[in-house]
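Undergrad: Going by our numbering, the sequence shown wraps up at 436, each residue one higher than the last.
Think of the hints as simulated: they come from the structure by calculation, not from any bench.
Hints may be right or wrong, so weigh each one.
[Unchecked claim] Calculated pairs, SDA-like style, for lysine to any residue (alpha carbon to alpha carbon, straight line, at most 25 angstroms):
1) 252 to 186
2) 253 to 371
3) 252 to 328
4) 252 to 287
5) 273 to 378
6) 192 to 180
7) 273 to 287
8) 378 to 298
9) 347 to 422
10) 90 to 120
[As the list claims (entries may be wrong)] What follows is a list of derived Cβ distance ranges for each label pair:
11) 218 to 243: 15 to 23 angstroms
12) 228 to 378: 40 to 48 angstroms
13) 6 to 249: 39 to 47 angstroms
By construction, the Cβ of each residue, glycine as well, lies at the ideal position given by its N, Cα and C atoms.
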Amino acid sequence: MFSRSRRRLTLFYAGVMCLFLVVLIFVVQKTMEWSLTSEQSNELMDTATSIVDAQHYANQHTDSSLNDDNNFYRNINERLFFYVFDADGKLLNFSRASFRIEPFILDVIAEWDAPDGDVKVYGKTAENGRETKVMMTARIVYQAGNDPQTVYVGKDVTAMYYGLQKATYALIFLGILALIAASVIGFFMSGKAMVPLKEAYERQRQFAADASHELRTPLAVVMASADLLDNAPGINDPFLKQVIADVRDEVKKMSRLVGDLLVVARSDNKALKLNRTNFDLADVLEQTVRMITPIAEKKNIAVTVDKGAADEGAATKVFVYADEQRIRQLVMILTDNAVKYTPQNGKVTLGIDRTHKDDNKIGFFVADTGIGIADEDKERIFDRFFRVDKARSRAMGGNGLGLAIAQEIVNLHDGQIAVESKLAGGTKFIVELPAD
């Protein structure tokens, strides 16, 4: 139980840490991308402004100094480029991009539809799988009495994006390392947190075991005294007879509770041992029906054994290798619960489950037409002292340990127990046990 809780805590904290790291990496990556692209955009806009001014100057002074200006812009940063076109699409001036990407740049310019001054990033994947990223903007050069010209300025930012991609991969790798470290630390710390819980649980378990042992003797004495009083010839008063009967009933309830607590304490201490033998499971079901019938008849409940749709010629006996006493206890717990929670004139059915195909498993079921179990309570019905309706369970003599003990017995046999139920639609418990 504690190891399972420790794993759940570790997984929970690891999940929280994983979510935190994913959000952190996403925010950091977007922040780096915004920071780099904003700086590149500012540089591009400044360059575009300078080129527009230079183009104004070139339009007014048609001398040989223009070529020197072109060389100046190329020498600033070889990744920067610009093209100047008139209204008819004629190339007036340029500082060429790399021959590798120039066809792509010209295609972008031919399909340009961004507003004046906007910065856009375009990408193209080459045949070798490498993607090229280009950041571009366009500015209009207005001239008095002439058609406007358009300056397209761009920069090859492929290296920047690849650097950003590598930084993202590095962040992911560091995040995975941090997640692994957090999981290890979480597992260690959850183990530390479980120490006082284990100690408290051990003290509680030991107290339950000691109390169960100590209470058995006085309860037996009280029961024997009640029997003597009930049979005493001098006690004929009906009121006293009823008081003695009530005392015996309460002692029986206490004895059952003490016995259940002792079983639970032994199972926690791994002291509950199995005495496995081969026996007929069908015979156990039939015997349980005979034992429970007198109680069920008080509520006019029919308790029957379903023989099942066995194949023709199949053996009527179903042998299982298990602890017969514990399996009888298991069947009685499930059947007693079914009778308790089935209203007047209902029906309880026990039977061998012949629907599964695993030859290494033997299954049986206990079904009723009772009040059923809500979906939100199904996961907790096997918890100790859990009762769906506490007032009703107390009135019926339940202590909330029956199904917990049933699950312990199934677990000791390496079996499985499942429940199918819906409110006002009855309940069916299905148990699977190893055949050998």
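Undergrad: Confirm or reject each hint.
TA: We went through each hint and held it up to the structure:
1. 252 to 186: 48 angstroms, violated
2. 253 to 371: 23 angstroms, holds
3. 252 to 328: 19 angstroms, holds
4. 252 to 287: 22 angstroms, holds
5. 273 to 378: 28 angstroms, violated
6. 192 to 180: This hinted pair holds, its Cα atoms lying about 18 angstroms apart.
7. 273 to 287: 24 angstroms, holds
8. 378 to 298: Judged against 25 angstroms, a Cα distance of about 28 angstroms means the pair is violated.
9. 347 to 422: 16 angstroms, holds
10. 90 to 120: 23 angstroms, holds
11. 218 to 243: 15 to 23 angstroms: Since the Cβ atoms of residue 218 and residue 243 sit about 19 angstroms apart, the hinted range of 15 to 23 angstroms holds.
12. 228 to 378: 40 to 48 angstroms: At 46 angstroms between Cβs, range holds.
13. 6 to 249: 39 to 47 angstroms: 43 angstroms, holds
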